[in-house]
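Student: Once you've looked at the hints, dock chains C, W and X against the given chain P.
Residue numbers (UniProt numbering), protein chains in the order written: chain P, 1 to 379; chain C, 1 to 379; chain W, 1 to 379; chain X, 1 to 379.
No lab work stands behind these hints: they were computed from the structure. Just to be clear, a hint being listed does not mean it is correct.
In this list, chains with the same sequence are indistinguishable; a pair is considered to hold if it fits within one copy or across any two.
Stated by the list, open to error - The calculated lysine-lysine pairs, modelled on DSS-like cross-linking and capped at a C-alpha distance of 27 Å, are: (1) Lys64 - Lys125; (2) Lys277 - Lys202; (3) Lys275 - Lys202; (4) Lys275 - Lys293.
Number of protein chains: 4
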Amino acid sequence: MAEIKKQQWTPELAEFHKELGDKNMGPLWASVFSAPEPKPRAVPYLWKGELILEMLEKAKELLKVGVGSIDRRAVYLINPGMKHLEPHGWGGATQTLYAAVQALNPGELAPPHRHMTSAMRFIMKGKGASGVVNGVKYTFEPGDFVITPEWCWHDHVNEGNETVFWMDVLDIPFTSALTSSFLEMYPESRQPVEHPVDFGTKRYAGGMVRPISDRRPSPAPLGRYKYDLTIQAIDGLKELEPDPFDAYIVEYINPSNGKDANGRIGARMQKLPPKFKGKAHRHTHSVVYNVYKGSGYTVMNGVRFDWKAGDIFVLPAWTWHEHVNTSGTEDAVLFSANDLPIMEAFGFEREEAYTENGGHQEIKSEFVPEYSKNSVYIK
Amino acid sequence: MAEIKKQQWTPELAEFHKELGDKNMGPLWASVFSAPEPKPRAVPYLWKGELILEMLEKAKELLKVGVGSIDRRAVYLINPGMKHLEPHGWGGATQTLYAAVQALNPGELAPPHRHMTSAMRFIMKGKGASGVVNGVKYTFEPGDFVITPEWCWHDHVNEGNETVFWMDVLDIPFTSALTSSFLEMYPESRQPVEHPVDFGTKRYAGGMVRPISDRRPSPAPLGRYKYDLTIQAIDGLKELEPDPFDAYIVEYINPSNGKDANGRIGARMQKLPPKFKGKAHRHTHSVVYNVYKGSGYTVMNGVRFDWKAGDIFVLPAWTWHEHVNTSGTEDAVLFSANDLPIMEAFGFEREEAYTENGGHQEIKSEFVPEYSKNSVYIK
Amino acid sequence: MAEIKKQQWTPELAEFHKELGDKNMGPLWASVFSAPEPKPRAVPYLWKGELILEMLEKAKELLKVGVGSIDRRAVYLINPGMKHLEPHGWGGATQTLYAAVQALNPGELAPPHRHMTSAMRFIMKGKGASGVVNGVKYTFEPGDFVITPEWCWHDHVNEGNETVFWMDVLDIPFTSALTSSFLEMYPESRQPVEHPVDFGTKRYAGGMVRPISDRRPSPAPLGRYKYDLTIQAIDGLKELEPDPFDAYIVEYINPSNGKDANGRIGARMQKLPPKFKGKAHRHTHSVVYNVYKGSGYTVMNGVRFDWKAGDIFVLPAWTWHEHVNTSGTEDAVLFSANDLPIMEAFGFEREEAYTENGGHQEIKSEFVPEYSKNSVYIK
Amino acid sequence: MAEIKKQQWTPELAEFHKELGDKNMGPLWASVFSAPEPKPRAVPYLWKGELILEMLEKAKELLKVGVGSIDRRAVYLINPGMKHLEPHGWGGATQTLYAAVQALNPGELAPPHRHMTSAMRFIMKGKGASGVVNGVKYTFEPGDFVITPEWCWHDHVNEGNETVFWMDVLDIPFTSALTSSFLEMYPESRQPVEHPVDFGTKRYAGGMVRPISDRRPSPAPLGRYKYDLTIQAIDGLKELEPDPFDAYIVEYINPSNGKDANGRIGARMQKLPPKFKGKAHRHTHSVVYNVYKGSGYTVMNGVRFDWKAGDIFVLPAWTWHEHVNTSGTEDAVLFSANDLPIMEAFGFEREEAYTENGGHQEIKSEFVPEYSKNSVYIK
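The following block holds chain P by itself, in its conformation from the complex (with noise of 0.2 Å):
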């Protein structure tokens, strides 16, 4: 991001300087492109459970979702530090990723659609809802991973009796700043369904194997990772000594070509045990955070966000980060999806831990959500 340099211009330079503005150019010997490390636009946030909930709440009292109405019934988070962007930008919750949570009502039908921005849902809440991706019906239940990555269509549905909540991620940032969305509207109401419901998870049931007719790559194999297999995994890891910054953590893969689940959107699942301390570090790809259970606190460049089930918080790129589970009984489960394949499509990844004071950050600060009165949607 430019910015101008704070110096002292001769009012000749001034001049120019407005000259050259007039003239759609600018001199970049004052402005500022590149800085030593990355300063994020994006701030660290948190937005609490209870808050989510209630605005969707409301948004159920006053929207019905279905053909003829709304698509989805989603509420997005907008990280505070890119608010100016908005309505121009594209209310990131970090610099590439958007972040939403989404109601689905006993009957409501979400019709389908497909578009270039990846999507996955983390299934929060409630049961009975389900998905059909490029044709394969997927059943949600909570603590479920669920992806449709690019160019797929997708449709979601209610057939049980209580709502159902998920979180929505996709890379709308990032595929805004590359002017490239497509999007196509299915000319039905549903896709026809052509597998067996969970098609892709009764294909993966087990271990390190895959039936050989997924041997070629492709984008989708496995539509939905159950959540006990997930944590069996991360079970299995307990026995190991746990990681100093992230304890018990594991990533969705695709098990056609090893890489992440989603393509372009990475995702994790970690269990931090009853009073894990993590210590603190930074890396260049961001991150949003659903607390699927538990509740502890995260310390942000030196603020302390405290979190329970429920809540989500977004770390931005190179910002100090260290997980803590204040609980002495409970386990507490995480789950989050970040933008690491983007940034290690061109070598961007960088990392680094904290080293002073013995791998703790400072905390200056609690958090406090900054509520403004100056929405941007206000005529």
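Tutor: Okay, now just chains C, W and X, sitting in the frame of chain P:
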């Protein structure tokens, strides 16, 4: 980019949208993140060579390049469609590409640094300058293409007796969007030169062969692509049918991996023979054109942009365009830089030919520069 | 393989051919290097489990494994069609694969070495043995699949109280053909163990997720694939339609890259349900089958090979084959190793389904072992 | 290759080994499959140009090329160390490479076919011949390098008025070892020509740039590499330090992917300046050298092989070698083909410099051809 849907909301909903905004959230149903087709912020635009040179002449009077003074005397091009992003934005010529023209006087030295942004230079005018890239000194001659891939040390010096002008293209808007800008200054005023002058160029003096020590992929085995060899290649094509859009066109490659010479930024050189009248197409990648020889015009989304040697014009993403050489006797030669490698890395590239009207757009207007009295640099 | 064309040559030509041969040259016109289809030297063959065990019992009486004695007590399988290549050849079970059965008695240690050939083991019988692969100790249990990729140190020890039997598969014929055999003996009688026992297995205890530290491709993040997790995966497939050729079949993968677990040698496990009668097909890769459970037969190029648990049989390249489970109540479980990764690396893999006779070959004869009194080992 | 260990076995063991052999099994403990270093079957060898031409002259008298007659008039080179493999073997010049010299008379047509083996040709002498590769006609001139990657249709014709001679190199021993030979005859006596003559060569007339339509990797964008452009490239190197082993050497590349021009077979051209005395090294890949100009010698494993233009000599895997130009005034020019791409595909390539005696082997003897009266072609 999120637009607000043009829709009559009930007072309750309007109030709710405002409340969401206050709490750093947004209503997905009232936002447009994805459109059926890309809508670039950038607009087609052209900067006349005379204007650019005039600005650089002023800069030469007002500023000196060197240690203790300014690092680079470069005037960069601001796409009017992205101007509102300044100074908060990044000075993009297109969605991902920064472009500037730089002038280096005899005796001046632009000191060494390196950054995560990729850089390339196209030498426009003047002799006697040279650059050192990771210990290899390359002399600059008009028409040469010189690369500085990410994180390579580079400096420039003019040891001749005339001012040398070149165009710089970097992927600053892209690396800014990913918050991945690292920058490091070299501890000395010049890098040591570790190889014979024009080392890479001497190693690639002929056909499609390489020194066997360049068998392993590396970022810049050949640092400078000489104009005469490139023209020899283009002239070989003249015995074949011209491309309907681009006549005789080649792209610079890295001989160690067959990919684009500069990694994340593609570069091409093309000749339009006398009276060539290209057909229209559009693609998701964006382009910066530098007219090296000749004169003609390019129609972009129905607007005719006349150009001649020295002019620079930009093609945003997904914009219809067709090139015409108006001379009956002279070739036109265009150098261009593009973000195709970035688009391809994630499967974003799409292309479409214009099929109506024999492949030619209706010309609705002629380009008029939009000079503004409302410069972003006014204090 | 060059055959001499069956043709009546003139006396002058016959004389000329002889002269060429004398001078270390050959007449291309009189040779057949390429045929319309592959003609493998290897033939379909089967070794009965009882015979293999009988031979190993003799070897146990006559030889002891350990430092100062023999390194490995293994009996390898010689394809009769390649027998004439012994001792000049390489003891291939197929064109590229060596297969052997190894027996390790309680208290014996097979000392560490490493080689450029890839190795894998399938544990057939017995408990108490383990292997150390590059510093990680893996315990062996029946049905487990254990890998030793190229140039990894490996040794084996039996700390239990019964003999343990396993099948080794290596790509010795392939590495021999490429003259790329390097071998190094470890300076000590055992490697130090640097990680918790069964480290990799504990790190991969569940679904399609991996520890984040295995994000970078590496040769053996998971050294042993446990039988029970593999069977859990296969049983997940039973809700779906069986594969017409192979019923329920999975292949072992390296979770860091999605490629075959063992690099150059593929490995699979399959279940044929009771009364399964597979269809015939052929492919250019060759296979070594190890019958782990059940009984049935496989028809290869019209010959019926009956098998039961403990038997090993080989399928040469481009050979029609179909599998049948003759039991009405029990599953048959086949482990198999193949050279598909080698074939695919150069685009050599082709596959063809048998379309006549409902997809089933006519059975022309039953397999009879070809015991020879003309052993290559007679002095 | 399995050797039998030179060891005194007890009578019981000897009897047991025999029994195993009778039953198509072998004792691992008595076999040597892996050695500390590769021991190639192939030996260093040289065929004098005069001898090859003499043989081809006889072949010209005795045989005519064309439809209804023989397909190709080629005499192939049999490595004496692999001679015992004939006719069961594959006529290898090295472990993986077949080499032959072919003569085509004015008016003759070698009809089209295609095969899974890769082929390349180096034009040694004569003008007027040409080949059609997948619909592109390439004219042949001395010093040109022409490729025929796997499964490409190819035929040759001589429309001039002198006999044309070229060396063919194919990977027949390699594809034979993998049993992957497919061959198909073209239904007509000639292929239709679908592009302008020398299409690829015209598209690559200069420096390191390519037509943009060759951006996607393809097997043969450039079918013929002209001698003069290759020499221009080599001469560019002369301003730099010569390589200690190979003086001035380049390798032919595929401009669409930066890999070897012919996929599985590497090809190089090198100039040894007058009095150049290279140092010795060895590597796991094997090489066929064709002396195009000049005279000198190569020491291989202590034996001196004198050569001059027209001679062909072979370097087996892991063989010490050093090249010397004995002329005080003339350059020596060597074309060579190698199996490096095959070795690298599986990580098999290793290289070692000879460090004793200033990098030069002691010359123990001079090469004497091993003419045999025991030809494999005698009936």
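Student: Each hint: holds or not?
Tutor: Right, here's what the structure says about each hint:
Taking the shortest Cα distances, Lys64 and Lys125 sit within 27 Å of each other inside one copy (19 Å), while across copies they are farther apart (62 Å). Only between protomers do Lys277 and Lys202 lie at most 27 Å apart by alpha-carbon distance; the minimum there is 23 Å, versus 37 Å within a single protomer. For the homomeric pair Lys275 and Lys202, the shortest alpha-carbon distance between copies (23 Å) is at most 27 Å, but the shortest distance inside one copy (36 Å) is not. Taking the shortest Cα distances, Lys275 and Lys293 sit within 27 Å of each other inside one copy (14 Å), while across copies they are farther apart (48 Å).
In terms of the numbered hints stated before, the structure departs from none.
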